[in-house]
Amino acid sequence: MRVLYFAKVREIIGLPEENIDLPSNVQTVEDFLDYLISKENKYDLALSNKEAIHIACDEDHVDKDFILKNTKEIAIFPPVTGG
Amino acid sequence: MITVKIQKKQFNPQKILINAEKDKKYGALVSFIGSVREETNNGKVKKLFIEHYKNMAEKIIYKTALNAEKKWNLDYCYIIHRYGSLKAGESIVMVITCSKHRKEAYAANQYIIDWLKINAPFWKKEIFENKSKWVEQTL
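Protein chains in written order, with this note's numbering: chain B, 2 to 84; chain L, 10 to 148.
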């Protein structure tokens, strides 16, 4: 799965994007965030305040209980501030 | 007619407005421009950096314009938003909505900019003389 990071999340993780194979126990967005948080300190720093993290799957906003099964691209970012 | 543009380079709001006004079949035109402020609570802004998620931004803005067009029966809708590095005073976003009567054009314009602020994937970072800060969402 292609994983994209934006703004502050991108800066803390230190990458704009990466490819990550979904572990078999990861089903939802929430599971995926927990998986990343447990992976390395930088993910923990960037993502542990989950309330402040927004998610888009294949370019649509989704909630944390969204099932990732058919997702090709997930984007992880802080609340948007355009306009 | 809907036009959505997301671009790095500066745009000229007067030129865009003149183009929109050429087609006089509608009775009302409402225009909104959002610009880079010279000063915020954090100090004097040197530059504003805007990051975006290109494909999703285009998709969301177009969908929003389509909803507005249907809901308020718009004759014309033009949305332009910049990304990259902007200086104080430069325009960030412009929304033009046209309809037969002013009420619809006003309502649609506000709907589009409000929706864009909450949903379109852009992130602003204010660059000051000695520091920088990601802008936090204010609705």
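Hints listed in this document are in silico derivations from the structure and should not be mistaken for laboratory results.
Any given hint could be a false lead.
Unchecked claim - Computed list of lysine-lysine pairs in DSS-like fashion (alpha-carbon distance at most 25 angstroms, straight line): (1) Lys80(L) - Lys9(B); (2) Lys43(B) - Lys18(L); (3) Lys9(B) - Lys18(L); (4) Lys126(L) - Lys65(B); (5) Lys73(B) - Lys63(L); (6) Lys65(B) - Lys51(B); (7) Lys70(B) - Lys68(L); (8) Lys18(L) - Lys73(B); (9) Lys17(L) - Lys126(L); (10) Lys70(B) - Lys63(L); (11) Lys55(L) - Lys65(B).
Unchecked claim - According to the in silico footprint, chain L covers these stretches of chain B (three or more CB under 8 angstroms from chain L): (12) 7-16; (13) 32-43; (14) 68-80.
Positions of the beta carbon are idealized from the N, C-alpha and C atoms, including for glycine.
Next item on the list: Verify the coverage statement for the segment 68-80 of chain B against chain L, using a C-beta to C-beta distance below 8 angstroms and requiring 3 or more qualifying residues.
Entry: holds (count 4)
Check: Do three or more residues from the segment 7-16 of chain B put their C-beta atoms closer than 8 angstroms to C-beta atoms of chain L?
Finding: Coverage by chain L holds here, the residue count being 4 at a Cβ distance below 8 angstroms.
Next item on the list: Below or equal to 25 angstroms on CA atoms is what counts here, so check Lys9(B) against Lys18(L).
Entry: holds, 24 angstroms
Check: Has the given pair, Lys55(L) with Lys65(B), been kept, meaning a C-alpha gap of at most 25 angstroms?
Finding: violated, 37 angstroms
Notebook entry, point to check: Given the hinted pair Lys17(L) and Lys126(L), is their alpha-carbon gap at most 25 angstroms?
Noted result: Between Lys17(L) and Lys126(L) the Cα gap is close to 18 angstroms, so the pair holds against 25 angstroms.
Item checked: Satisfaction of hint between Lys63(L) and Lys70(B), Cα-Cα up to 25 angstroms -> holds, 24 angstroms
Note to self: Hinted pair, alpha-carbon criterion (25 angstroms max): Lys18(L), Lys73(B). Please report holds or violated.
What the structure shows: violated, 31 angstroms
Notebook entry, point to check: Is Lys126(L) close enough to Lys65(B), meaning Cα to Cα at most 25 angstroms?
Noted result: At roughly 21 angstroms apart (the allowed maximum being 25 angstroms), Lys65(B) and Lys126(L) satisfy the hint.
Checklist line | Given pair status - Lys68(L), Lys70(B), alpha carbons within 25 angstroms | finding: Answer holds: Lys70(B) to Lys68(L) is near 22 angstroms, not above 25 angstroms.
Item checked: Pair hint outcome, Lys65(B) versus Lys51(B) [Cα-Cα no greater than 25 angstroms] -> Cα-Cα ~9 angstroms, so holds.
Checklist line | 25 angstroms Cα cutoff - pair Lys73(B), Lys63(L) | finding: holds, 16 angstroms
Next item on the list: Sort out whether Lys9(B) lies within 25 angstroms of Lys80(L), counting only the CA atoms.
Entry: violated, 36 angstroms
The structure shown violates the earlier hints numbered 1, 2, 8, 11 and 13.
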